[in-house]
Each structure stands twice: as C-alpha cells, then as structure tokens.
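Peer 1: Going down the list, the protein sequences come from chains W and A. Under numbering that gives the first Met the number 0, residues 0 to 408 are what the first sequence spells out, in order. Under numbering that gives the first Met the number 0, residues 0 to 408 are what the second sequence spells out, in order.
To be clear, the hints were calculated from the coordinates, so they are not data collected in a lab. Fair warning: this is a prediction, and the values are worked out from it, not measured in the lab. One thing to keep in mind: the hints can contain errors.
[What the hints assert, rightly or not] The following label-pair restraints were derived from C-beta to C-beta distances: (1) S297/W <-> S60/A: 14 to 24 Å; (2) P8/A <-> P222/W: 24 to 34 Å; (3) S60/A <-> R286/W: 18 to 28 Å.
Where a beta carbon is used, it is the ideal one built from N, C-alpha and C, also for glycine.
Protein chains: 2
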Amino acid sequence: MNQTVNQIPPYRWAKRARDSVAPEGGTTSGGDLIELGGGFDFPDALPDIVSEAMAAAELRSETLQYGPLYGLNDLRDAVAEYLRQDGIAATRENILVVNGAKHGLDLACRVFLEPEDPVIVAAPTYLMAAKILRHAEASFVSIPQDEEGMDTEVLRDRLQARQDAGESMPKLLYDMPDFHNPTGIPMSAVRRRRLVDLATQYDFVIIEDDPYRRIRFEGEAVPPIKAFDESGRVIGLGTISKILAPGLRIGWVNADPAIVRRIAAHKSDGGSCPLLQRIVVQLLRNRKMDQHVATLISLLRVHRNAMIDAIHEHLPDTLVRVPNGGYFLWVRLPPGIDADELVRRAAKEGVSIISGRLCFAEEPPGSFLRLAYSFSTPADIVEGVKRLGRAYASIRSELETSINRIVRS
Amino acid sequence: MNQTVNQIPPYRWAKRARDSVAPEGGTTSGGDLIELGGGFDFPDALPDIVSEAMAAAELRSETLQYGPLYGLNDLRDAVAEYLRQDGIAATRENILVVNGAKHGLDLACRVFLEPEDPVIVAAPTYLMAAKILRHAEASFVSIPQDEEGMDTEVLRDRLQARQDAGESMPKLLYDMPDFHNPTGIPMSAVRRRRLVDLATQYDFVIIEDDPYRRIRFEGEAVPPIKAFDESGRVIGLGTISKILAPGLRIGWVNADPAIVRRIAAHKSDGGSCPLLQRIVVQLLRNRKMDQHVATLISLLRVHRNAMIDAIHEHLPDTLVRVPNGGYFLWVRLPPGIDADELVRRAAKEGVSIISGRLCFAEEPPGSFLRLAYSFSTPADIVEGVKRLGRAYASIRSELETSINRIVRS
C-alpha cells in the first residue's frame, strides 16, 4: 500500500504541509544514547499520582463523560488561585483549560493570525513555538535578547520603522519571560512593563508563555507580564508539564473573558479530558504539587551545576550562561563550529542534543547548542557532556588542520 | 478588566474568528432539563476503569512523561488489530493517536486545505465536522443522502460539472458511513466502492469518520470505506468515545504512512496523554471494551425504541427514521414548523434538543430535529419527548390559527 500515496499530487497538500513531514515513529533510540536534547522531566522525580488517579476514575459521570468546553470549574478556580499567588488578578472566567501550553498557542494563532501576519519573537525563541507559528504561516519579527530579556528599545525602533514605512504591523508577540527557553534569561520588571506599553501603543497582543517560573534555583521573582496588564492585551499560557508531569497534557490560557470565548470557539477537541483535570485539581489542592516543585528544584540545581562544570571541562572556548532556573543551558560555540554538524557527531558518540538553529525563527546570528539538564542523572550528564566533548574536539581538530593547510598553502 | 477587550479592534482578529464566539461557560443548565441534544454517553453504562487507571499511574516513567509523537506503540498496534477485524489492512505505521476523531479531522484540514478549498459533505452532516471545516475556511459541496447513504450519482454529476466548467475541484470528502450522525443511515457497499472510484477519478481524499460502527442493534455490517481503498486516498478517523468513554479523549487517524507523517508534523500538542493511552490499551486487551459495547447495545436498543414510540405518540405528522444503530434520531418536521423556534420552546418546556439546521453545511432543504437517545434513561426520554410534544403542539396551534385567519380574511 505504501507506493500509493505518491498518487496524491503535490498541489493537493496545503502549502503549510508541503515541506512539513514528521520523522518516522515507532522506534526508540539506541540503548546507550544519553538524552540532553528534549525538555523531558526527571524520571526519578515524577510524582506518585496513583491515589488521585483512582479517586478520579471513581467519579465516572464527571470524568468519563464529555467535559465542559472551558474545563472543569474546579480546575479553572484552582488555576486562577495559582495565578493570583503571582499577582495576577485572575478568576474563573479568565481561564480556559487546554491540552498543554502549546495547544494554547496554537489556538491563539487561529484566533489572531492570517497567513503572512507578522509576529514578534525573541532571537532565540522556544523551538516548538517557532514551529507552531510557522505552521500558522506567520512571518517573523525577531528581536535580540540581552541579560534583561527581549530588547524593548530595538523592538520599539523596529515597530516605529514599520509604522513609518506603512508596513503591516505585528498582531502578536510571543515570549517566555521566566527562564526563557532556550537561554534561561529572566526578563526584568522594567522590560515587562515596557512591553505592555508597546503593546498598547502599537496595537498588538502579548502571549506570555510561563512554564518554568516556579523552577527557580536562586534569586527573586519579578511579577509576570500579565500582572502589569491593564489593557487586556496579555494572554498568559500555563502548563503543569514542568510543575507536575508533562504526560498529563493539561495547560491553560489566562486572558480577558472576551478573548477566552473566541479561543474556546476554536477548541474543537471535545473538551480536555476531565479525568486528567480532576487528577490535577486534587494535586493542586492536596499540596503535592508544591512538594513536587520543591523536590524538583533541589534535584535540578545539582543537575545544572554538574552540567556547567562538565561544559567548562569538556567544551573549551565555548560560552555558557548559568541560569537561575528552568531546564536548559544555552551554549555559544566558537566561530567555525557548525552546530548541526556537532549534533550529528554527538549522536554518533552517544549523546542527543539540540542545535541552536532550531531555536531561531529566522537566520541564527551564530552557532549555538541547547542542552537540557532536566532528564538525565548527574552522572549521565557528565558522561553525556564528555561524549559531546569528543565530538566537539574532532570538529575543532579538523578545522585546525584545514586552517593550517590554508595558511601553509 | 472586562471593558478592556473592546480595545482590540475588529481587524486584529483573524477572519475565521470574527463571528465565532463560544457561549459563556461555567454554569450548568437548570436542574430539571432533560438532555436529548448532545451525543453524551449513557451515564449508568460508563465502564469501571479504576484498576486500569491505577495500573497506568504506576507506570510513571511512561505515563507521566511526554509521550511519543505518534502515540504509544502498544496502542497503535491494538488499534490496528481492532481495524483488521473490519477487513482494513492496518499496521502500526498507519496509525496516529490523536485526542479524539474531531482532532484528527482538524489536523487533516490543516494538511490539505487552503482557505476557500471545496470539501464534499453529506446534507445533512455531522454538526461538529461542519464547524471544524468552516473554521478551516473550507467552501462546501453538499450532496444529498438517500437510504443507501450519500448519493454518488449526484456527486459524480456535480464533480463532472465542476470539471467541465473549470472550477476548483474538491480536495476532501468528509462522511460518516456507519450510522451517520444525524440520520443514522448506513452507506451501502456499492456506494462505498463507488466513492473510492470517484476519489481516484476526480483526485480527492476521503475522510471516513466511524465512531458508531460497533453500536449496531440489528442487521449486518458492510466493510468500512477504507477496506475498499487500494489507492491510499482514504483516511479513517476513529475514537473510543462511543465504545468506551468520551471523556478519555483518545482517537486515531488511520492512513497511508506518508499521510500519517504529514499529519503528525502538525500535531503540536506535545503528544497525546500516555496515561490515557495506557488505560485504553488495557481496556482493549482485557476485553472490557467488548463487554462494554455489548452492554451498551442492549441498553441503547431499549432507549431507541422508547424514543420512537414516544415520537409516534407526541409528535404527530412528523417523519422519523428508525436507525439500526448509533445514538440519534432524525426527525422531519411538517412544513411551516421552524426547527429553531421549536428548540427554543422545548427548552422552556424543559427539554434540550438540537435544530437540524446545525447539521447542514449549507441551507437546509427542510425543517429537522436531531434527538439523542444515548444519554437519558427511557423514562426521561419519554418525558422529554412529551415536553417536546407540548412545544410542538403550541407552534402548530399558532400556525393553524394564523392560517385560518388568512383563509377567513
């Protein structure tokens, strides 16, 4: 039957689907591969939810039936309470339950974007967000980051220049202000406020994706962008993936009720699973989530430190930023080292990593790696970075040889 | 904060979102309303999945972690086996796990449709499918049904006329051949084969949505359309909503692997929940699903009979088709009775029903109701139809009065 699909001629696929084919599934990666690529949760810390799963399964008429479009009211209330701890004035009608934050972004794209509409993103940005925006056929306005987060002065200049030139103005800005994926940078309070002002002035909506806020090893939090929002122009995206378990696929949209109702109209999935929602309500209420986050922080701090030390030892001449939270390290490679080639060689050495290229919506300004310290044990992290170091050394020595050859010839 | 969203000017919303606002959520309908509208499962028959939920929750490193993009291999294998029972040559690589059949349709739209692309649907068709297609900005080619299902000769004529006129040709056909929602009509084997031939001849893809196939009270099944497919042009959509529990939100796409990989690329939800998938694998393997389907059939046959009898008693001069399976009755109202007005009056009498208008992608050719016998008990069904009868009688008596007035004047 396999040859038959060639009978579907290329013009039958939608434009957005023509070059977008997922890799084959069904096989798991080789036994000895160390995972430093994906933002998986640390398996040893996954919470025990057996009693909550039992209790939820017993509430059959709620949990096995179609759920309400907006989510269980108990969960909407619990999420609103969770957000109020961060200074966000949320109540039930601000909350739409979705199947993870990515689902929320996808829905927001449907409600705001036509093909070619410009969207503001940081450079770099979250790789899956870039993919979702690309599938929505957005065009990009990439704004650099510094140690305070997205550079709002560059953003203002770009917006003003577009307005002066009569170009189409961005409808959305997507960013992750707390422990940004991939850089780990937290946005300063000044910049957050400034973003909200720019949103009002230049008429765009801010999507604030905030999965890592609670995974903080050091330092003090600043309020979410949404806490500075008086205009209703900020849409918060949240998820339990990093504070409970990514497999449960429960997230939320936090927005003005009029936005929530438009997004809900495009949620054609028959309601998020009420069994999972009821499990999450219990885990929020019985404080298991808070305990889990505390455990995770103490473990992942050790992971981060192990990875930083290993990078200093095995990846000479790279630049790595030490984040105060989140799951990732962002590594700048020296000139001449191609990140994609390094990823390929690292896989051969037995370690899986992510090329920084995937974290840019447009052309990357340099060569970077994203390394996750969340999933593997400290011992595996050290071994993984060692393997990465071998791949790195092999590229560097070839580079030196070829430079020497050029110099000599 | 509520006034603020008016600050988002209308041109900022995407076209597809401008007139699409979900009703307010958070409130449940009044205590005494009898539900004959939505296709909910019968609450008394929802299966006991407590032991499966416990066992799945214990497999933490699988079930609480991000799941594989295509779904758990065990579930893909179990679904393929389930489909092979119906004569479909499916294996693991044909199956993509999704969050219900609606999710599968939504993904297929992304992969095939550009705005304005024509899609073939039956008249009437599944109301949520019409909504999803509308959100994909499809245009419609509506084809009438008779007792053998979608009229393939009308379809052929319409296709040929479009081709002769040089009009854009449909990319997709959507239909539900077994116990069609809302009409309950099963498509004949001859028509199924003919559809596949037309798909090849006129270069479109068939989406076969098949939730009700196993809910058969009488008669013999014919093979699914997919079983006639030798061209790879049929995409099967399945779900456990009607054979296990709608709340679990697990469905599948069954297609040529090349189509599956393109659809998977647009599945940006972080993988369907592996906890739910593991629960479903167990329920398929331990035969609880088969037992559940057998129970459901014997219960819903009684529901259907109760509703048919009540309609004959309380809705004189209507036409109702007796289906051999599925969840719904399709009722044709006499001329002059507006279905939307009847829905409003029925709600006041304390019964919730669906206007047939919602089941047409284009202008309805008459006035219809969709009634679900799945959710309410036989006693409630009888009482609900009695209430509906009062609403119906009140409209008819007003109609007669106004006709008499016209005749007399």
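Peer 1: Which earlier hints turn out false for this structure, listed by number in ascending order?
Peer 2: Hints that this structure does not satisfy do not exist here, as all of them hold.
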